[in-house]
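Asks: Spelled out, the chains give:
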Amino acid sequence: MASYADSDSEDGLDYSTNPAWADVTPLPQDDGDNPLAQIAYSPDYALAMSYLRATMAANDHTPRVLNLTAEIIDMNPAHYTVWSYRFKTLISLDAAKQLDTEELTWGWRSELDWVQSIARQNQKNYQIWHHRQLIIDHLGDPTSERERTDEMFGLDSKNYHVWTYRQWLIRRFGLFDEEELAATAKLLEEDVRNNSAWNHRYFVVFGKLGAGKPAEAAVVAEIEFAKKAILTAPQNPSPWSYLKAVLRKGDIELATLQPFCESFSPILSPDEIKSSHALDILSEIYDEAGDQAKAEKASPTLYFKYHNPVAQSQRPIR
Amino acid sequence: MAAAGGSSQADEVHGQGTQELFAVPETDDSEFYQQPFEPVPAMHLSLPFIIDGLNTETSSRQLSTAQNILKSVKQTPIPNRPWIFYWCINALAALGEDVGGYNDRTVASLKPLQHKDGGFGGGNGQMPHMASVYAVVLTLAITTYHASRDLSEAERFKVYAESFGWIDRKRLLQWIRKTKLPSGGFKVNEGGEEDVRAGYCALVTLALLDFDEDELKGDASLGESPLLDGVLDYFQSCQTWEGGIGAKPHAEAHGGYAFCVLGALCLLGEPGEVLNRHMDLGRFISWLSARQYAPEGGFSGRTNKLVDGCYSAWVGGCWAFVEAGANGAESARSSVKVNVGSMWSRKALVRYTLTCCQSPRGGLRDKPGIHPDYYHSNYVLLGLSAAQHYYYYDDRGGSALGDKSPFGHGFCWRASRNVPKPSSGDGDGGGWEEGLVQREEDRVGTQHPVFNIPLGAEAQLRAWWRLARQTAPDGEAASD
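Same order as they appear, the protein sequences are chains A and B.
Counting from 1, one number per residue, gives the positions in the first sequence under full-length UniProt numbering.
Counting from 1, one number per residue, gives the positions in the second sequence under full-length UniProt numbering.
For the record, the hints were derived by calculation from the structure and aren't laboratory data.
Don't be surprised by glycine CBs; every beta carbon is placed ideally from N, CA and C.
Any given hint might turn out to be false.
Said to hold, decoys possible - Facing chain B, a subset of chain A residues (Cβ under 8 Å, in silico):
(1) Asp33
(2) His79
(3) Ser157
(4) Tyr160
(5) Gln167
(6) Arg172
(7) Phe173
(8) Arg193
(9) Phe203
(10) Ser241
With the hints as extra help, turn the sequences into a complete structure.
Replies: The structure is reproduced here in structure tokens:
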């Protein structure tokens with residue numbers, strides 16, 4: 001029997017002559033009279049969709065639905081209705097203990113492998129990762145899921161859908177652990193400007209606290225982590241934002257950063273200014289201290305005077 | 001202006017007629033979706049810093065392309081057909097085209113998408129989806145507005161009744177209830193993913209279909225709770241450590257989701273109040289300012305990501321809300337009404353749009369080297385409209401508060417061609433920004449900042465609902 005995710009076959013499934021589908025009368029698409037933007041689907045796609053409509057109308061969740069939905073997903077991986085119906089079918093087959101049997105050599109693990117292969121080819125897709133989330137939630141087992149997402153980060157380390165899934169995974173299974181922290185450090189070592197990894201790090205360190213207070217050691221460690229990253233690229237906005245956010249979370253005054261910021265952006269030697277973000281913080285610090293003259297001087301405009309013509313017109317607001 | 005020839009392959013696929021079907025100038029549009037992207041050139045090295053006009057030749061090509069796409073889309077397996085309607089119809093309207101002629105066919109095309117249990121799917125027989133629902137309502141609001149704007153009131157209301165009277169409001173509301181989460185968030189469909197896009201689309205739909213407090217409260221005896229409970233707090237919880245806003249709590253700050261949250265908040269309250277109560281506006285402004293890059297002038301969606309023309313709408317669109325929010329905060333601090341003026345570099349965005357986003361063969365795009373598409377065409381034009389006009393909140397006579405719909409604040413937006421320069425904060429007028437529009441023919445239409453439809457369409461639609469519901473108090477407007 002063909003694989004239940006047999007989406008590579010050249011000719012598609014021949015529904016009209018296949019005895020497995022003989023009992024189904026396909027339901028053609030109703031686009032209304034004289035429709036706008038009628039989509040000229042390929043004949044294969046239109047036929048498969050006609051069988052799906054008939055299948056859904058009959059609430060059919062037999063194994064053949066897996067073949068049908070796989071074929072449609074292969075042609076149209078953003079088709080949320082098909083993904084949803086496939087998941088319901090899998091749940092129904094699971095409940096009937098029909099998965100991974102002699103008759104149906106397909107189960108959750110083969111499904112997850114297949115989904116991963118679809119994900120590799122379709123990176124900007126909401127449905128794939130949601131489907132995966134539903135399955136892992138149902139199985140209650142996160143084994144090797146971090147590796148699966150790591151593989152995707154190898155293709156695009158800022159993939160929003162994959163990060164959303166990863167966060168769900170960490171929260172669902174309480175994986176706020178050393179391994180997760182190390183994973184963010186590794187990604188940032190590869191690309192210190194990966195803002196998604198910075199976001200995830202903040203989530204791993206502080207995400208489970210809610211409005212609660214973080215441990216002092218964690219705050220100190222994160223301040224050091226951010227400062228080290230800033231040293232490698234002083235005009236990278238991510239670690240500066242991270243640094244400010246950690247201070248805020250730890251209830252530490254911004255003024256403690258004054259020497260660190262001045263080492264990047266000495267306002268009396270404009271030629272040596274290396275970071276507009278340092279100026280930004282200095283301006284805030286001087287302002288809070290009531291030193292208006294210095295605050296004016298430290299306005300990021302000073303940096304952009306040398307580096308960035310467009311942003312001069314942006315008006316910082318306090 | 002149907003292009004001559006057309007693709008014979010397309011005709012074959014359709015098996016109906018010839019040039020009416022799918023004819024785009026020069027090349028086949030299906031490539032838009034299928035070809036791998038070319039590498040992005042170093043645009044700041046290759047582009048002169050001059051303001052080009054909105055190229056009339058290419059924008060009319062954009063028009064003809066969009067008009068053709070409204071006839072048929074070849075093998076684009078987009079699972080959400082209403083998006084194509086909305087992107088093309090709104091882009092045409094923004095370019096000054098009258099889209100009223102599409103109204104009857106739009107209605108006929110959308111009817112098969114209504115699900116028997118309420119809501120709209122992306123295609124006939126598909127499950128309802130929040131994005132489809134949103135795109136359906138927006139498209140109808142635009143085509144009906146244009147189709148009826150030169151008619152007498154009685155005739156106009158008749159057109160609205162035909163366009164909207166068939167929508168099953170009651171079942172739609174029941175379906176939206178099923179997407180609501182206990183956290184105050186929404187899912188895009190039953191069993192689908194949760195994000196603020198779903199919440200924004202739900203609120204826009206409810207506002208444009210004029211649901212009132214009583215309907216949203218629900219029937220406690222059926223176990224229904226007030227639909228808007230927890231919504232404000234949920235949106236608030238999406239502001240991140242960066243100051244921006246993510247798709248859901250803890251997700252990375254992102255321009256598209258930021259627009260959804262600010263738009264939704266501004267439906268539920270007066271911007272000066274709601275944005276200062278439910279956000280740290282100062283930190284948001286810092287993040288938003290950082291989205292505009294030099295030397296490109298366009299916006300990125302996230303920190304350390306590249307500029308993309310579609311963020312002209314998502315990030316560019318946030319500024320009207322933010323300016324209104326800042327006016328509220330500054331006015332509360334002083335005893336007089338303060339106008340902080342324009343807070344962003346509109347000129348830089350206009351320059352990016354005109355020099356980088358116009359495809360030589362028509363349509364608008366992410367950036368040079370990338371194919372134009374209908375999504376970008378619409379949102380680049382929306383962004384251009386945000387830069388060319390000053391959008392401001394003006395609740396004349398406090399009508400929003402007295403309204404029995406909770407979305408009254410969404411109907412108080414106005415537009416002006418005069419963009420006030422940033423003021424120094426002491427209330428002095430700094431004059432008007434100049435040079436945003438070089439030639440009047442480059443000006444695109446005014447767009448409602450929350451609903452993203454031509455400004456005025458929302459008021460006309462609400463006027464009809466109010467009349468229709470007066471005559472049919474159960475809320476089901478009769479269509480003849």
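Asks: For each hint, tell me whether it holds in the structure or not.
Replies: How the hints compare with the structure:
no.	hint	verdict
1	Asp33	holds, 5 Å
2	His79	holds, 4 Å
3	Ser157	violated, 11 Å
4	Tyr160	holds, 7 Å
5	Gln167	holds, 6 Å
6	Arg172	violated, 13 Å
7	Phe173	violated, 15 Å
8	Arg193	holds, 4 Å
9	Phe203	holds, 5 Å
10	Ser241	holds, 5 Å
The structure is inconsistent with the numbered hints 3, 6, 7, although it conforms to all the rest.
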